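Given the coordinates of chain B, work out where chain D should sit on it, guided by the hints.
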Amino acid sequence: DIVMTQSPDSLAVSLGERATINCKSSQSLLSRSDNKNYLAWHQQKPGQPPKVVIFWASTRESGVPDRFSASGSGTDFTLTISSLQAEDVAVYYCQQYYSVPITFGQGTRLEIK
Amino acid sequence: EVQLVESGGGLVQPGGSLRLSCEASGFSFSNFYMTWVRQAPGKGLEWVANIRKDASAQYYADSLKGRFTISRDNAKNSLYLEMNSLKVDDTAVYYCARGFGIDYWGQGTLVTVSS
Numbered sequence: 002d003i004v005m006t007q008s009p010d011s012l013a014v015s016l017g018e019r020a021t022i023n024c025k026s027s028q029s030l031l032s033r034s035d036n037k038n039y040l041a042w043h044q045q046k047p048g049q050p051p052k053v054v055i056f057w058a059s060t061r062e063s064g065v066p067d068r069f070s071a072s073g074s075g076t077d078f079t080l081t082i083s084s085l086q087a088e089d090v091a092v093y094y095c096q097q098y099y100s101v102p103i104t105f106g107q108g109t110r111l112e113i114k
Numbered sequence: 015e016v017q018l019v020e021s022g023g024g025l026v027q028p029g030g031s032l033r034l035s036c037e038a039s040g041f042s043f044s045n046f047y048m049t050w051v052r053q054a055p056g057k058g059l060e061w062v063a064n065i066r067k068d069a070s071a072q073y074y075a076d077s078l079k080g081r082f083t084i085s086r087d088n089a090k091n092s093l094y095l096e097m098n099s100l101k102v103d104d105t106a107v108y109y110c111a112r113g114f115g116i117d118y119w120g121q122g123t124l125v126t127v128s129s
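In order, the protein sequences belong to chains B and D.
Each residue of the first sequence is one higher than the last, beginning at 2 in my numbering.
Each residue of the second sequence is one higher than the last, beginning at 15 in my numbering.
Same shape as in the complex, but just chain B (with noise of 0.2 Å):
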């Protein structure tokens, strides 16, 4: 199985500020095939279902602000909020799609500092 480890576990940040969120898998998540990284981020705001908000380790979900971005390319991937805004509290998960059995990070909590 494709371990996914995220990092770090909890982030506090300011409005406006930068977020980062890291998320490593025990292998590679890069296709020769078709050169894409099966990889997505799912956003999971507190009492609601997970939201995607990036596929192919850097597409962003349409309707998503492009304060969010994403980059990383086999085993190292970064999720970004560029500026951080109040309704950007949340987990944010990171999901291998490359092999089953699918597997998640185990969630990063994002708060407000």
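The set of hints was computed from the structure by calculation and includes no laboratory data.
Quick caveat: nothing in here was measured; it's all calculated off a predicted structure.
No residue lacks a Cβ here, since even glycine has one placed at the ideal position from N, Cα and C.
There may be inaccurate statements among the hints.
[Claimed, not checked] Below are the EDC-like pairs computed for lysine to aspartate or glutamate, each with C-alpha atoms no more than 16 Å apart in a straight line:
#1 K52(B) to D117(D)
#2 K52(B) to D103(D)
#3 K52(B) to E60(D)
[Stated by the list, open to error] Chain D side only, calculated, beta carbon under 7 Å to chain B, not exhaustive:
#4 W61
#5 F114
#6 W119
#7 G122
[Unchecked claim] Sample of chain D residues facing chain B (criterion: CB under 10 Å; computed from the structure):
#8 F46
#9 K57
#10 G58
#11 E60
For chain D alone, kept in the frame of chain B given last:
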């Protein structure tokens, strides 16, 4: 608009069974893999099972094999999860989700296993 609506959750005793349903709308259901993911209270996301578009193959978390069965009815745009021999540790919100790389989530249905 893509919608996934789960139902069938509730309180069940240890050793009991439940069948969850997920009704899909707003997209061509038969063209997508579907997924069940669960979340225990205060915990993270745990993949449960996947099923191919045509139901030709199903995949399960090792810890659940033999107790849970995923199925679908493309004519009814519906996904199911049959859960047997339920344990207290199966208590969770169960989410129906579209795709392998999940792009839509349902609201979830709570399953509580308790005596």
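Evaluation of the provided hints:
1. K52(B) to D117(D): Judged against 16 Å, a Cα distance of about 8 Å means the pair holds.
2. K52(B) to D103(D): Violated, at about 25 Å.
3. K52(B) to E60(D): Status holds; Cα separation ~15 Å.
4. W61: holds (4 Å)
5. F114: Check passed: Cβ of F114(D) comes within 5 Å of chain B, closer than 7 Å.
6. W119: Hint on W119(D): holds, closest Cβ of chain B at ~4 Å, below 7 Å.
7. G122: Given a least distance of 5 Å, the restraint on G122(D) holds.
8. F46: violated (13 Å)
9. K57: Holds, because the Cβ-Cβ distance from K57(D) to chain B comes to roughly 9 Å (cut-off 10 Å).
10. G58: holds (5 Å)
11. E60: holds (7 Å)
The structure shown violates the earlier hints numbered 2 and 8.
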